[in-house]
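Using the hints provided, position chain B relative to the given structure of chain A.
Order-wise, the sequence lines are chains A and B.
FYI, the working numbering numbers position 139 of the first sequence as 139, with every residue one higher than the one before it.
FYI, the working numbering numbers position 406 of the second sequence as 406, with every residue one higher than the one before it.
Derived by calculation from the structure, the hints in this document are not laboratory data.
One should not assume that every hint holds.
Just so you know, same-sequence chains aren't split out, so a pair can sit in one copy or run between any two.
To be verified - With a straight-line cut-off of 20 angstroms between C-alpha atoms, the simulated EDC-like cross-links for lysine to aspartate or glutamate are:
1. 34 / 364
2. 170 / 57
3. 331 / 88
4. 227 / 333
5. 422 / 57
6. 162 / 52
7. 422 / 375
8. 434 / 24
9. 331 / 224
10. 203 / 166
11. 434 / 423
12. 352 / 19
13. 270 / 423
Just so it is clear, the structure is predicted and the values come from calculations on it, not from any experiment.
Residues per chain are reported as follows:
There are 2 protein chains.
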Amino acid sequence: MISVDQIIHAKWLIPVIPENKVLENHAIAMMDGKIVDIQPSADITMQYQSSDVVRLDQHALIPGLINAHTHSPMNMMRGIADDLPLMDWLNNHIWPVEQKWVNENFTKAGSLLAFAEMIRGGTTCFNDMYFYPEITAHAAAQTGIRACIGMIFIDFPSNWAKDSDEYFEKGLQLHDQLSHHPLIQFSFAPHAPYTVSNEPFQKILTLSNQMELPIHIHIHETQDEIKQSQDQYKQRPIERLDAMNLLSPSLIAVHMTHTSQHEMETFARKGAHVVHCPESNQKLASGYCQVAELLDLGVNVALGTDGAASNNDLDMIGEMRSAAYMAKNVKNDPSVLPASQVLSMATINGAKALGLESEIGSLEIGKYADITAIDLSHIETQPVYNPISQIVYAATRNQVTDVWVAGKQLLSQRHLLTLNEKEIIEESQNWRDKILQG
Amino acid sequence: MISVDQIIHAKWLIPVIPENKVLENHAIAMMDGKIVDIQPSADITMQYQSSDVVRLDQHALIPGLINAHTHSPMNMMRGIADDLPLMDWLNNHIWPVEQKWVNENFTKAGSLLAFAEMIRGGTTCFNDMYFYPEITAHAAAQTGIRACIGMIFIDFPSNWAKDSDEYFEKGLQLHDQLSHHPLIQFSFAPHAPYTVSNEPFQKILTLSNQMELPIHIHIHETQDEIKQSQDQYKQRPIERLDAMNLLSPSLIAVHMTHTSQHEMETFARKGAHVVHCPESNQKLASGYCQVAELLDLGVNVALGTDGAASNNDLDMIGEMRSAAYMAKNVKNDPSVLPASQVLSMATINGAKALGLESEIGSLEIGKYADITAIDLSHIETQPVYNPISQIVYAATRNQVTDVWVAGKQLLSQRHLLTLNEKEIIEESQNWRDKILQG
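This is chain A alone, in the form it adopts within the complex (with noise of 0.2 angstroms):
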């Protein structure tokens, strides 16, 4: 008998690789934070001795979601101001209220509010671009959530930095500090084409190929993006990044509405990579990703939430759904973006984005321990026919019960293991209640 961490047994586990496949009465052996068996229940048992086993009855297994792009802080605006223009929102509410309250305490409440939600919605990795990425690198290195954090690089000054020196100067100094953390990674994180010049983008350019760091950025958010560049750059957006170099496996560019075949198909070319966020792009009538023509294409096209300013929820469950149906709705095609896609949409994909596709992103064995059990016995996922369709199509968040990270468990039972939920919400409510005296 082999002697393990800990083991895992539930009804069903759905190992995203190879898609579409749920293994039945499966257990997982675990060790030192990583996958070291998957087996059916019975073989687990014979071979494998823990002192601590748990048993998911009605459960499903998946891999720990990934949310391939966030602002965590932004939680604590959630709900601030709805149903505007992307313009106006930023300009007339978000804009104002980050100038006015956005300092190391508030990026800390909101980076704890974020992870709360993340967890409790199964979610184990998140890639983050925000002021203050310090504080939110500490806080998910204490929480225990995996996290790929950005640093941040804008042209105008914010609260956390003065100028673009201060900008790089700041992040690397925190990529110096936490680089060997286990759960941190890191990225380059220029805001956007319309916010970032061509003097930083080719710093950006250069520190990511020597330090081998991914390079976060929205990309196309809005049709108006890309006029501006026209006019300012004589240039589209995507054309303006390509002549610096800047598409390739490296690239993480979120959001990629109203994009030409050609640029799809540079995209494929390069081999960057793309983030959905389909709800935020609704809420804002920002337009669509074209995912089903990516796809087709070779893209890489892992999903996420954006912030919880503009989508309001970092539940990654109901950006599943989202995603699915509005490809099917976009594509005039029910078959586009089955279930099983969108869950690998939504772990694997988003594990490859970040170059951690072989240590996260599935349940295999050699892979880190990042796992949702998600409960299915519930009123509202009954019968199960199949378990990825009921996960995708009709659970909610709430019915993830137990998420590990590196094997150690963050959330059991529904209750989280290494935040303290009373104050947190205390916290948020002071922070509402201070913004809106002010």
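Okay, now just chain B, sitting in the frame of chain A:
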């Protein structure tokens, strides 16, 4: 002091009439199933006494949600076949299963599963269309959920009725039996223009006028249906129905995708109602209902989930969100269908479609106490700047804690009071096993 049956105090009260109004720290006094007063909590406490006082300090009260189109018993086929085109899905999956399995027991089990799901999600009234309506009607009456039961008609024989005469006979017999039940309403429910010929339509119109009952029908679920009508009748479906005088305030038209400007104007002129089913339409890639245009023309547009075999849930909170997202995206305008308007669609507009707007659909003195309480203190809806926005854009249905229909409590702190959850789940699993083995 006036004695009342029950008093509910809540942090927020959203009456829906007037639209976009939020009352803080108010209470509802209930007597004989109706709302007798709504005032600030302190005033209610001074004027009313009750042995039954409920305090919901973190909750918003809204009118019970009205699911204006569903097929309750189809809950038993949730997820049995996904990611398929409508006619393949119907011809090769749904209809064969129905032919083989649908009987009184199937209908009972599916209906109870649907009622449990709807009540747990804050739905207090549903508009149904399915075979064995007598089973669904009696089960609804026993459960205490409000229902509008369709007397289904289709040109083809089914397990329930062998021919035209039997459809009418069985439907009318049920109507006569339950027409005085306070919770059960009836409609005539000709399935769709492509499955019902002219003669039964004329009979239904005559009966509907005599008995003052609405007509519940699928119209323009897909574009194919329009072509088929043009081939067979040399008329578009709506043209054909209009020629038979079927367009009137008694008509409840479900789906209504691919409508022309002229057809929408005709609907407005005739006062016919539309039920929008955004998730089903997207999942089956049927097209989209032009909700914003219809509302602008003054057409009453309600909201429905459709059946769980094509959605795959009966979640009206999710449906509100999908309706808002889809309309903004389709119209390329984020200000279209703001949260408050979509909440009206899911409540008072549903009541109007069913001819019940003087009895339900808003929290107003004199109306039935059909009430849903939503706990906004969860991590997922923090902080609360605007409770309407949090309900429509961030809450999930598990935040529904308490539900009343005509003053009778059906859900208390998420516990179903009139249904046996365990039995319903067991029965669902038995049916799944039978269907899969067959």
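Hint-by-hint comparison with the structure:
Taking the closest pair of Cα atoms, residue 34 and residue 364 come within 20 angstroms of each other only inside a single copy of the chain (9 angstroms); across copies the shortest separation is 58 angstroms, beyond that limit. Taking the closest pair of Cα atoms, residue 170 and residue 57 never come within 20 angstroms of each other, the shortest separation being 48 angstroms inside a single copy and 44 angstroms across copies. Proximity of residue 331 to residue 88 under the C-alpha cut-off of 20 angstroms is restricted to the inter-copy arrangement: shortest distance 17 angstroms between copies versus 30 angstroms within a copy. Proximity of residue 227 to residue 333 under the C-alpha cut-off of 20 angstroms is restricted to the inter-copy arrangement: shortest distance 18 angstroms between copies versus 31 angstroms within a copy.
In this assembly of identical chains, residue 422 and residue 57 lie within 20 angstroms of each other by CA distance solely across copies; the values are 16 angstroms between and 30 angstroms within a copy. When the C-alpha separation of residue 162 and residue 52 is checked against a cutoff of 20 angstroms, the pair qualifies neither within a copy, at 51 angstroms, nor between copies, at 59 angstroms. In the homo-oligomer, the alpha carbons of residue 422 and residue 375 lie at most 20 angstroms apart only across protomers (15 angstroms), although the nearest pairing inside one protomer, at 24 angstroms, exceeds that limit. Taking the shortest alpha-carbon separations for residue 434 and residue 24, only the inter-copy value of 19 angstroms comes in at or below 20 angstroms, while the best intra-copy value is 51 angstroms.
Proximity of residue 331 to residue 224 under the C-alpha cut-off of 20 angstroms is restricted to the inter-copy arrangement: shortest distance 16 angstroms between copies versus 24 angstroms within a copy. For the identical chains of this complex, residue 203 and residue 166 are intra-copy neighbours only, at 14 angstroms inside a copy versus 78 angstroms across copies, given an alpha-carbon limit of 20 angstroms. For a Cα distance limit of 20 angstroms, the shortest separation of residue 434 from residue 423 inside one copy, 17 angstroms, qualifies, whereas the shortest one across copies, 49 angstroms, does not. For the homomeric pair residue 352 and residue 19, the shortest alpha-carbon distance inside one copy (15 angstroms) is at most 20 angstroms, but the shortest distance between copies (46 angstroms) is not.
Taking CA atoms no more than 20 angstroms apart as the test, residue 270 paired with residue 423 passes in neither setting, with 46 angstroms inside one copy and 56 angstroms between copies.
When held up to the earlier numbered hints, the structure conflicts with 2, 6 and 13 and fits the remainder.
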